[in-house]
Structure formats: C-alpha cells, structure tokens
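Chains as they are written, first to last, in the numbering used here: chain A, 73 to 449; chain B, 73 to 449.
Honestly, the hints are just simulated from the structure, not real lab data. It cannot be assumed that every hint is accurate.
Identical chains share a label here; the pair holds if one copy fits it or two copies do between them.
Said to hold, decoys possible - Derived BS3-like pairs (lysine-lysine); straight-line CA-CA distance at most 30 Å:
#1 K347 to K275
#2 K347 to K255
#3 K292 to K275
#4 K347 to K281
Predicted model, so just to flag it, every value in this text is computed and none were measured.
Protein chains: 2
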Amino acid sequence: MTSQRILDFFKTRQPEGPCLVVDLDVVAGNFKAFRHALPDSHIYYAVKANPAPEVLRLLAGLGSNFDCASVAEIEMALDAGATAARISFGNTIKKERDVARAHALGVNLFAVDSHEEVEKIARAAPGARVFCRVLTNGEGAEWPLSRKFGCVPQMAVDVLVYAHQLGLESFGVSFHVGSQMTKVDAWDAALADAKRVFVSLAKQGIELKMVNMGGGFPTKYLKDVPTAQAYGQAIFASLSRHFGNRIPMTIIEPGRGMVGNAGVIKSEVVLISKKSDNDEHRWVFLDIGKFGGLAETMDEAIRYPIRTERDADDMGLCVLAGPTCDSADVMYEKNMYPLPLSLTIGDEVLIEGTGAYTTTYSAVAFNGFEPLKSYCI
Amino acid sequence: MTSQRILDFFKTRQPEGPCLVVDLDVVAGNFKAFRHALPDSHIYYAVKANPAPEVLRLLAGLGSNFDCASVAEIEMALDAGATAARISFGNTIKKERDVARAHALGVNLFAVDSHEEVEKIARAAPGARVFCRVLTNGEGAEWPLSRKFGCVPQMAVDVLVYAHQLGLESFGVSFHVGSQMTKVDAWDAALADAKRVFVSLAKQGIELKMVNMGGGFPTKYLKDVPTAQAYGQAIFASLSRHFGNRIPMTIIEPGRGMVGNAGVIKSEVVLISKKSDNDEHRWVFLDIGKFGGLAETMDEAIRYPIRTERDADDMGLCVLAGPTCDSADVMYEKNMYPLPLSLTIGDEVLIEGTGAYTTTYSAVAFNGFEPLKSYCI
Numbered sequence: 073m074t075s076q077r078i079l080d081f082f083k084t085r086q087p088e089g090p091c092l093v094v095d096l097d098v099v100a101g102n103f104k105a106f107r108h109a110l111p112d113s114h115i116y117y118a119v120k121a122n123p124a125p126e127v128l129r130l131l132a133g134l135g136s137n138f139d140c141a142s143v144a145e146i147e148m149a150l151d152a153g154a155t156a157a158r159i160s161f162g163n164t165i166k167k168e169r170d171v172a173r174a175h176a177l178g179v180n181l182f183a184v185d186s187h188e189e190v191e192k193i194a195r196a197a198p199g200a201r202v203f204c205r206v207l208t209n210g211e212g213a214e215w216p217l218s219r220k221f222g223c224v225p226q227m228a229v230d231v232l233v234y235a236h237q238l239g240l241e242s243f244g245v246s247f248h249v250g251s252q253m254t255k256v257d258a259w260d261a262a263l264a265d266a267k268r269v270f271v272s273l274a275k276q277g278i279e280l281k282m283v284n285m286g287g288g289f290p291t292k293y294l295k296d297v298p299t300a301q302a303y304g305q306a307i308f309a310s311l312s313r314h315f316g317n318r319i320p321m322t323i324i325e326p327g328r329g330m331v332g333n334a335g336v337i338k339s340e341v342v343l344i345s346k347k348s349d350n351d352e353h354r355w356v357f358l359d360i361g362k363f364g365g366l367a368e369t370m371d372e373a374i375r376y377p378i379r380t381e382r383d384a385d386d387m388g389l390c391v392l393a394g395p396t397c398d399s400a401d402v403m404y405e406k407n408m409y410p411l412p413l414s415l416t417i418g419d420e421v422l423i424e425g426t427g428a429y430t431t432t433y434s435a436v437a438f439n440g441f442e443p444l445k446s447y448c449i
Numbered sequence: 073m074t075s076q077r078i079l080d081f082f083k084t085r086q087p088e089g090p091c092l093v094v095d096l097d098v099v100a101g102n103f104k105a106f107r108h109a110l111p112d113s114h115i116y117y118a119v120k121a122n123p124a125p126e127v128l129r130l131l132a133g134l135g136s137n138f139d140c141a142s143v144a145e146i147e148m149a150l151d152a153g154a155t156a157a158r159i160s161f162g163n164t165i166k167k168e169r170d171v172a173r174a175h176a177l178g179v180n181l182f183a184v185d186s187h188e189e190v191e192k193i194a195r196a197a198p199g200a201r202v203f204c205r206v207l208t209n210g211e212g213a214e215w216p217l218s219r220k221f222g223c224v225p226q227m228a229v230d231v232l233v234y235a236h237q238l239g240l241e242s243f244g245v246s247f248h249v250g251s252q253m254t255k256v257d258a259w260d261a262a263l264a265d266a267k268r269v270f271v272s273l274a275k276q277g278i279e280l281k282m283v284n285m286g287g288g289f290p291t292k293y294l295k296d297v298p299t300a301q302a303y304g305q306a307i308f309a310s311l312s313r314h315f316g317n318r319i320p321m322t323i324i325e326p327g328r329g330m331v332g333n334a335g336v337i338k339s340e341v342v343l344i345s346k347k348s349d350n351d352e353h354r355w356v357f358l359d360i361g362k363f364g365g366l367a368e369t370m371d372e373a374i375r376y377p378i379r380t381e382r383d384a385d386d387m388g389l390c391v392l393a394g395p396t397c398d399s400a401d402v403m404y405e406k407n408m409y410p411l412p413l414s415l416t417i418g419d420e421v422l423i424e425g426t427g428a429y430t431t432t433y434s435a436v437a438f439n440g441f442e443p444l445k446s447y448c449i
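Work the whole structure out from these sequences, hints included.
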C-alpha cells in the first residue's frame, strides 16, 4: 500500500521522529475514482480528515467542493482556492457568531438537525440554504457512530418546515451511514428515509432539492474494502429505487475514503520488552501512539496495516503501545498485533492507511512530545 | 471549588473561546500540603500533568523536584529554574539518543522496567542511577491503569542486578498505584513488594536506597477525596510496617493532585436540542470536548464538576457532547449529567478540577478548532 514515491521520500529525506507523508497522486486518483463512480454527485471533501493546504489546493484544482466543520476550515478552503459557493458548513453544532462569520465569507449552505440551530441561521445567515441531518443506525461502520448528529425523520420534517417559515431555503436532507462503512448497501435505508422527508415536505408545498449522502466511504486497512465503483452502483440503484426518475441533486462527503490510503506514518521502535520471564507476548513500544496521531485506535477501532523490513521473518503477536507515560496510550492489546519476532529496538515501521484523521487529532504537546509532522509529496 | 481569583479573572478579562485558568495560589497550597503530609518524601512534580511555565517556575521556587516524561519536559524544568540534580527521567520508554541528551543535560536518575532499557542507559548514561518500576494492580483508581509500565517484582530484581553488572547505580524501586486513587491504603501492597525487592538485592550485595511511590494522589471532582494528610499517614504507616526503622529515601510524583483542583475551564453552551419530540433528555453541546482538552472523559472515566449560573434551578439529566463533527466526541452519555433545565444556548459553564491533563492533551487543530488556551494567575 505504501507508494514508491513515499518509500523514496523516506529513503532520501530520512526525517527525524514520527511523521506522516501523503502522496498527492493517490489523493488525485481517489478523487477521480469518486467522480467516476458517482458522476452525478457533487463531491464535498470532508476537510477535517486532512486539512493540509497541499491536499486542499489539489482538490480545489480538481473541482472538489468542501465540507467544513468550523470557520477555520472554511477559511482554509477559501485560501486553497475554493469559492464560497463550493463550501458547506456541515457541522450541526455552530455558535451563532460563527454562522454569521461564515455567511459574511459568502457561505450559503448550512447543516441543521434542530429547531434551535435553524433559529441561529435564520438570524445570522438570513435566506441561506439549510439541509437537515437525519439519524441513521451506523450498522456495519468500523468507527463508532453515536446518536450525536441528526434527528429522527419526522422531526426533520418539522425542522425543515420551521426553516421555511423563518425565511430560509429548506434545501434538502443529509445523513451519515457511519465512518469506514464496509457495506455498500448501507445507504439504502437512509435514502428511503430521505425520500419520505421529501414527500412530507412536498405535501406542505416545500420542494426539497438535495440529498447529502455524507461520507463513510472506507479506506483499505487490513481487510479489503469494496471499490468506489461498487459503492457508486449500489447508491445509484438505491436512488433510482426510492426517487424513480426524479433523482434530486446529490452530495457525497468523502474524507477517509479520499485521503486515508494516501498517507503513511513512519515510526520507530523505542522498546521491546516483557513484563515477566513467563510472558508469552512482547510489548512493542513505538514513538507514536494514541496521543500522537493514532487516536482512532481508541477502543482498538481502527486497525492499521504495519509494515517492517523484517516481514518475511516469523511473526508473533504483541501488545502495541505508544511512548507516553499515560497508561491509556496502548493501541492494540485485547486484539494483539502480529509483528516479526526479529523486530529490534530502533527499527523503522511504516503505519499505512494513515492519511486521514491523524495529524489534526495529534495532541499539542502531551508528555512534551511534538505533534505529528506532515509532508505532502 | 472555583476560586474567587479565577471568577474575577473571567469577569474582568472575558476571554473569547474555551480556556483554562490556573490559580497558582492553589498549586502552592497543594505543594505545601504534600510537604506537610509526607515531610520525609521528596516531591517530584509530574510535569506532564500541566507543564505551564508559570506552574513549573512556582514549583521550582518552592523546592520541588521534577518527574519528566521526555527531553522536552526536562528542558522545560531546567528553564523553570530546576537543576538537573532535581530531575528524574521517569518514562520507562526512551529512545537511546534521548537518554544521551538527558545525560548531557546533567540528568542522572532514570526509570527502567526491562533489561533492554538498562542496556540503553548503560551505553548512553554510564554510571547513572536507575530505579525499576514494579507492576501494581491499580484497583481503586479512576483513570485506567494498564499493564503498560513495570514488570513483576522477581523480574525487577533481575533488572536491577543487571544494571549493577553494567556499571549503573541500582538505586531503587518505583511503582504507581493508579491515577486518581481514592483508597489511602493502596500503597501498602506495593510497598510490601518494594521491600521484597530490597531484600533480594541485599542478598546479592546490592543496597537499594530509594522507593519512588509514584503519583495517584487524587483531586476533588464530584466526590470528596481523602486529604493529603490522610494519604501521608497511611503511607507512613505502611513504610514503617514494611521497612521498620530503616525507611529508605522516598519519592512521590503528584501531578493531578498538585494541579487538578487549581484549574477551571470556561466553556460556552453551543446548542441544546433533542433528537425527537419524544426524547426525554436533552443533548447539551459545549465548545470544548474530548479532542479540545477533555480527553480524560474517555470511557466517561473522569467526571468533572460543572458549574453554571443557573444551578439553583431544577436540574435534569442530559447527554453532554463536544463541538466537533466526530461522533466519538461525546463526554457523558451512558452516565448522563445533571444540568439546570433552564440552561440556555450561549450560557457560560465552568468545568472545575481541570488543571491537570487538559491543555497538553488538546488536539492541534481537530476540525479546525484551536487548542485549549491557558492562563496562570
């Protein structure tokens, strides 16, 4: 999975300390795969997955739109060359003054999932377009999807009617099937819900125009995942099934699926030891852990592929942990990780599939360790 | 729990966005309480709990020593006025080149828990003092203690003999009873283990001189915790029981107990909403969450006191969540949090007991949100 360009970078640059390298060619390839798989959908890249300026500039140049979680992310997308018309303020939890700032920057598309948020937008961004997020169940997703975002479909109807009453443009419905979603048909039930909201609104004279089908597109970690093409076919079939020949404008918001497999973290083995002479398994400590960028190993949710120069040797299970003095800084323990028995202190390991949700998750300076460095090539 | 000085700071300075304010008078009071409770122990402040330069300078001035997790923390302690003789490199997981850097800075006291780490220190810091960390069970601790640090006592004996053979000074034993330890007698079993290691080493002609009793001293969150005095009495009783009238030099490493109750985070209510009309409970969203400094709410481990201006009103349980687009950014959901039913969007809330393990845990820029700001007064 590590591209030759990334291998060459590590070999020639030999950067000190843990770092992420992102291959922009892979990102460009992913963008094209999404466009090809869902040619009628508008791609809104989820900036939070990896907001590196080089990634944003590349995607802006390729014609991507941007799903932003904060005013800072909106400003980064604008700096990268996106126009405000290509930006969605996709966070359902916004300070009213941040709505006003976004609106002043020209942003006109906002996510909501409550009457209270609609009121803020009506006051701070009068006349703007809003879409209401509907709760889905997240079954089949590898990163936990809580009930944090969205409301039940019946309430979404009320929220969108209320937005209309307050002079906003009730534009559509959004949902999120859960991150690292490995079931291609996961979008079907949510699209059925979306259609029901469309119908209910139409009965009240409000014509919705858009379905934001969110992200959730997986990246390859250890297990193979379906292709963008397979997702595209399943989603198009569901759209046709539920909307017939009146398919609305659609949006997708890939983040992990856009950049995950484009990045590789280089780390170093700091210590290999046992806790007693009888211990069957080794503890392997790396110079990066849960607080240095691998936050998604929380509850051992995301299991990254790890590559070493000794992978042809015999393998043995080990506990994998980070370098801090925090006892919670352990990546894989319940489900131990196979690594070469010949692995040695000082060895370099490559943690693949780390292009998404690593750099910005990294702690500022926990235990005095620097945040994860990042290079785009 | 919020001091008048902190309340006055918020009132006069009105800082924008979430921020932590630390009252240095409270830190000084905590230091004096530890010194009074354990007058014969050397206090090594766990820098990772809060490495604010003002905190380090204050403690250096009061005569504290420093437990450091990295070279960066060692440099911060030196910058704050500590001499190298007052610094312990307490992380059992160190790169050999970091051991060499620390040694070059004059540090002469290192933690180990394995033969492999002893070898690094023998090469990079020849002749230095080492202490070996012994595994304890952590029962009664509120922050999870894994098996990450330490080795079984019998192996500690071997590790310290090995250190002696490699020309290091086998100086003592350390252990950690688990963070936010609420049982005052939790140190007893570990001190019994420490004594056994002393005896085994003495039989081989090696006289250990020090027991590092670690941290674990709690700060007051919602429940009352025993006083430093109560811990001091229990620990002194255990030391006497196990070591008789030959009590060795002892070290304690308070972090949370030194700064936890000195800090208060000011946050703002961004949204209060429900997911359906039938929802019994509200969701309350703050402008700080798990990725903005409240990482210790992971698995709902640490439960902070929250204070609002409406606390005299009727209370109702709510789910408490952070402002990011990450579905894992929920602080309290399984065990919901009581907040005033009159709480309103835009209200200020004070999150108390947040002086430890907040600022440096904060993500660099997750979702574009700035790291937690901090003021020491």
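Inset, instruction - Any hints from earlier that this structure breaks? Give me their numbers in increasing order, please. - result: 3
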